[in-house]
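Given only the sequences and the hints, what does the whole structure look like? Please build it.
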Amino acid sequence: MIPAAAVERENYLNASYGLKSWLLTKDHKRIGLLYLFTITLFFFIGGAMATMIRVELLTPQGGMVSSETYNKLFTMHGVAMIFFFLIPSIPAVLGNFFLPMMIGARDLAFPRLNLLSWYLLVIGGLFALFAMLAGGVDTGWTFYTPYSTTYSNSWVIATALGIFVAGFSSILTGLNFIVTVHRMRAPGMTWFRLPLFVWAHYATALIQVLGTPVLAVTIVLLLCERLLHIGIFDPALGGDPVLFQHMFWFYSHPAVYIMVLPAMGVISELISTFSRKAIFGYKIVAFSSVAIAVLGFLVWGHHMFVSTQSLYAGMVFSFLSYCVAIPSAIKVFNWTATLYKGSISYATPMLYAFGFIGLFTIGGLTGLFVACLGIDVHVTDTYFVVAHFHYIMVGGAIMAYLGGLHYWWPKMTGRMYPETWARLSAGIIFLGFNLTFFPQFILGYLGMPRRYHVYPPEFQVLNVMSTAGASVLAVGYLMPMVYFIWSLRYGKVAPANPWGATGLEWKTASPPPLHNFDETPIVTHAAYDYSTVPGEVIDFG
Amino acid sequence: MGKLPLFPEQASTFAPDVDHLLFFLLAVAAFFTLLIFGAIFYFAIRYRRRSHQELPAVQHGAMTLEILWTAIPFALTMVMFLWGASIYFREARPPADALQIYVVGKQWMWKMQHMEGKREINELHIPLGRAVKLTMTSEDVVHNFFVPAFRTKQDVVPGKYSTIWFQPTKAGKYHLFCAAYCGTRHSAMTGWIYVMEPRDYANWMRGGESTGSLADDGAKLFQDLACANCHKADNHGRCPSLVGLFGSTVKLTTGGTVTADEAYIRESILQPNAKIVAGYAPVMPTFQGLVTEEGVLQLVEYIKSLGPRPAVAEGAR
Amino acid sequence: MTEHIDSARTYILVFLALISLTVLTTAVAFVNLGNFSVVAALAIAVCKMLLVALFFMHVRHSTQLTKLVLAGAMVWLAILILLTLTDFATRGLAGVPGR
Amino acid sequence: MASHSQAETPALREQFNTEAQQKDASTLGMWIFLVTEIMFFGGLFLAYTVYRRWYADIFAVTSSSLNVYIGAANTVVLLCSSLTMVLAVRAAQLGRRKAIVIFLILTLLLGGVFLGVKAYEWNQKYVEHHIPGPDFHFEGVVQQGPAQLFFSLYFAMTGLHALHMVIGAGLLIWLIAQAGRGRFSATYMTPVDVVGLYWHFVDIIWIFLFPLLYLIDRHLGK
Chain A
48 MIPAAAVERE NYLNASYGLK SWLLTKDHKR IGLLYLFTIT LFFFIGGAMA TMIRVELLTP
108 QGGMVSSETY NKLFTMHGVA MIFFFLIPSI PAVLGNFFLP MMIGARDLAF PRLNLLSWYL
168 LVIGGLFALF AMLAGGVDTG WTFYTPYSTT YSNSWVIATA LGIFVAGFSS ILTGLNFIVT
228 VHRMRAPGMT WFRLPLFVWA HYATALIQVL GTPVLAVTIV LLLCERLLHI GIFDPALGGD
288 PVLFQHMFWF YSHPAVYIMV LPAMGVISEL ISTFSRKAIF GYKIVAFSSV AIAVLGFLVW
348 GHHMFVSTQS LYAGMVFSFL SYCVAIPSAI KVFNWTATLY KGSISYATPM LYAFGFIGLF
408 TIGGLTGLFV ACLGIDVHVT DTYFVVAHFH YIMVGGAIMA YLGGLHYWWP KMTGRMYPET
468 WARLSAGIIF LGFNLTFFPQ FILGYLGMPR RYHVYPPEFQ VLNVMSTAGA SVLAVGYLMP
528 MVYFIWSLRY GKVAPANPWG ATGLEWKTAS PPPLHNFDET PIVTHAAYDY STVPGEVIDF
588 G
Chain B
23 MGKLPLFPEQ ASTFAPDVDH LLFFLLAVAA FFTLLIFGAI FYFAIRYRRR SHQELPAVQH
83 GAMTLEILWT AIPFALTMVM FLWGASIYFR EARPPADALQ IYVVGKQWMW KMQHMEGKRE
143 INELHIPLGR AVKLTMTSED VVHNFFVPAF RTKQDVVPGK YSTIWFQPTK AGKYHLFCAA
203 YCGTRHSAMT GWIYVMEPRD YANWMRGGES TGSLADDGAK LFQDLACANC HKADNHGRCP
263 SLVGLFGSTV KLTTGGTVTA DEAYIRESIL QPNAKIVAGY APVMPTFQGL VTEEGVLQLV
323 EYIKSLGPRP AVAEGAR
Chain C
9 MTEHIDSART YILVFLALIS LTVLTTAVAF VNLGNFSVVA ALAIAVCKML LVALFFMHVR
69 HSTQLTKLVL AGAMVWLAIL ILLTLTDFAT RGLAGVPGR
Chain D
37 MASHSQAETP ALREQFNTEA QQKDASTLGM WIFLVTEIMF FGGLFLAYTV YRRWYADIFA
97 VTSSSLNVYI GAANTVVLLC SSLTMVLAVR AAQLGRRKAI VIFLILTLLL GGVFLGVKAY
157 EWNQKYVEHH IPGPDFHFEG VVQQGPAQLF FSLYFAMTGL HALHMVIGAG LLIWLIAQAG
217 RGRFSATYMT PVDVVGLYWH FVDIIWIFLF PLLYLIDRHL GK
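Residue numbers (our numbering), protein chains in the order written: chain A, 48 to 588; chain B, 23 to 339; chain C, 9 to 107; chain D, 37 to 258.
Worth double-checking, as some hints may not be accurate.
With a straight-line Cα cutoff of 30 Å, these simulated DSSO-like cross-link-like pairs (lysine-lysine) come out [stated by the list, open to error]:
(1) B/140 x B/155
(2) B/192 x B/128
(3) B/297 x D/161
(4) A/67 x A/330
(5) B/254 x B/242
(6) C/75 x A/388
What the hints contain is simulated information worked out from the structure, not anything from laboratory work.
Structure representation (structure tokens):
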């Protein structure tokens, strides 16, 4: 783990050794790495299930696994990817590591709480893993009642408990970030000097704090109904399953923004650094993050246009859904405008940023289709929706996560990753992603419902295309795993600021010292003032 | 294998409308995708980094641009919203003369009941050109009645009725899917919709073993359950007369009123004391567990058949 | 930091007000006010909440940020309940079951 | 403020520069935690609102089966505990170490009384078959389903509230131990302050639960 050449200077990695020094650490940087290991594990678990799903769908009759197994695969794919990978991904790894550094703080406001958050994720994850190994759960990640409460004979309780516990991990991380941004900024670090990454994480934290508790109580009620017959949603008692859907989506729609807002924050950093320009319309991009966080709470009913929710509620939610599209569009326009007359580098993180903008644009624009009442009635619960949210959550959030990981890898580890391989993998992922998910838009409009184990034969060609793309995508995702590990030992030693970036995290050594800065930085410039930093120091050829 | 369909068949009056809206959205999406992709490619090549020390001029943003790229997308989305909402509104409101069919979803099959008494499982025969309205409920979990060629779907929820309607425009055989995940054999909860020329439909309806109309079945059930002991045709029974009930406005003991629709009748059978008609005592026992959802639908149809549908209520829809 | 310390007298007065409001809300519940009963009960509860928050929780002397946080929580609670009610309160208006 | 050095104030954690910053952060942290609690109970209030609108008449009847006098008395007990809690905070602000302990113990005792009464009420529900499940039966209402919904909400809401009380009692015991060792003073009393906020919040939740559960259309019954 410890790069040999960095040993002379004390840093957060060599300050202490041994398992205990990691498992009891209060250092936000080490906790960030703990999260990195944990969520990478869940990413590959979720990925393995996705692979099996795609292989199964090669043939319409569904011969490889039984329907029951197939249902468990897509359920656990969703649970692992959403609750144990995407939600913690950027905030808990990159946010944990860099948010305090970007605002010039020694640590988060509550380091012990931060460690507790990681343990909660691990405990929640163990519950979910236990459920998977014990026999799995087959309700879909949405846990719709009354199927999840009364009819499913699978490990609903263990899985739901796991999500409940992991939810508190997310809540406490959000709480920690909010307090840190309010109370821990370095002298001179005013709100409008904050990097957009911090703004995005602040907005994300608001959602985590305001939304997640509602999921928690919904899960409590679900468990009560399944275990104790306290039937809040039970139609047999006159309860309404649609109420469950309201409560579930009150969290689970904003949860999409928990995944994508931090991604937007990362992209703002990448676009700025690799075009050596301040983000066009900084304040508007900053406010649009908060606007997305707020408006994101008003639109959950668009998941329920055909749920027997009232006709008029459907219209209100459709209207509000279009309103939340606007701040996202504004961000894309501002990023693009930032490139104008910039000094654009093709370093790997920038390739991921381009990929993000492309895929997010498609994901966002297809969002207009599913927000549209007349079209959503046809495409909801089909592969169109599957494709749409994968464009946002995989094309958007994971592209940004990988871009951010490449960007900050030198800072986190003190080593450079191999540039050529990295560019290659970025290209493969972009290509593989589109091959996998674009056919699903067509499948969806043709009417193939999601969560189908067997399907009519006329859908086979498109499914085979999708599976072929998925195999390319899998290669693309495995490559960084390999060369990142390789780089820990063989990578070039990273300088303090390889990209010529402006953030405070680049003003300290790579890897950073235990308390981030040798002395508390004093901020005198706005974010992204490139006149104050030397140029790029690494030649990528 | 080998077939590569790219666009679904259009077989209902909704289909062309939904598809036109789709084309509008596709045009907008294509325009913006090309705009963004084009701009990124152009800028990335035109302004590529030429030296490591390059320092581009500072731009702080431009309010005019920001307002422009806020206002134009917003205006476009409002067009989408209104256009989409108008289709949704039509999809939600079946015409008064629609052919009524009842559907019960259960793990993992669809049971259809025609008014004339025909019953089908996982198949539905309907006449071409006639508006068809399905009143649906579920015996267990949430299902969803989805016919891609008709471009419409609706959840089928336990404990309540939901409605879907369509007017087929092309004879043929179309997929019926359950689109709401409902358990192990969710993907097997499929079927076929047969749209038939009216004459063929009439023949089909006459053929096979027909057990009498749905209302007849309801009447039989009404006798079997001894409902008639209390619900007499005149208003002298212990319970209110059901003649002409459907569609009328009922006064309740609470002082409120309720329109006697399918949901009200269903509730009154399963939970008789939820809404007590003014002037009567809450003496009716519950029939929860004694009647299946299909049976309830038959009773509803029987009660409907007892009186003419008031024209006023239908006109209001 | 300048901490504001309220007198014990203030706290006891607030406490007595809270007890009185508890008695009041119980008494009002036995009076037939029709739909107004809920309004009265909630109005009294809100008064009690404000007393506890402003005095016992020192919101009176708190920073603007704390007040903002609290107001935000109330707004979000309202979003949760009111937007859900856009569904439940308008069901049946279309006159079609399930719409 | 900046003149505080870390050596003088052992309670200052290393990530903070000043005690004021630390206290501000802790208080803000607790307020934000309370926001999450508001949303947590918010889900229950939502379910309550929906079903009370639907089943207003049945909720009125079922609510009347709860003993309003016990409920009111318990409200008073909880309000007393809030008073003693705030007096404990005040004692801490004034640096009266002994008074802190006394008021905290009183708070804990009152909290215990509340929970005891609650346990008695729940036991009554058990005796009366008012616990949702196969054995549920409520006299005088034909629609047993919605009656069960009311009691489901009753148990979910009072149960989660009681759980919060138990956690609060745990925090109080910890505070009492700390206060007994004289850890709190006028300059360092953040834990007392923060636990105080939590305790009052739990009190506020009950302030809403009492009228919503016990006081629905009482005039009908009597």
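Going down the list of hints, with the structure as the test:
| no. | hint | result |
| --- | --- | --- |
| 1 | B/140 x B/155 | holds, 16 Å |
| 2 | B/192 x B/128 | holds, 29 Å |
| 3 | B/297 x D/161 | holds, 27 Å |
| 4 | A/67 x A/330 | violated, 43 Å |
| 5 | B/254 x B/242 | holds, 15 Å |
| 6 | C/75 x A/388 | violated, 44 Å |
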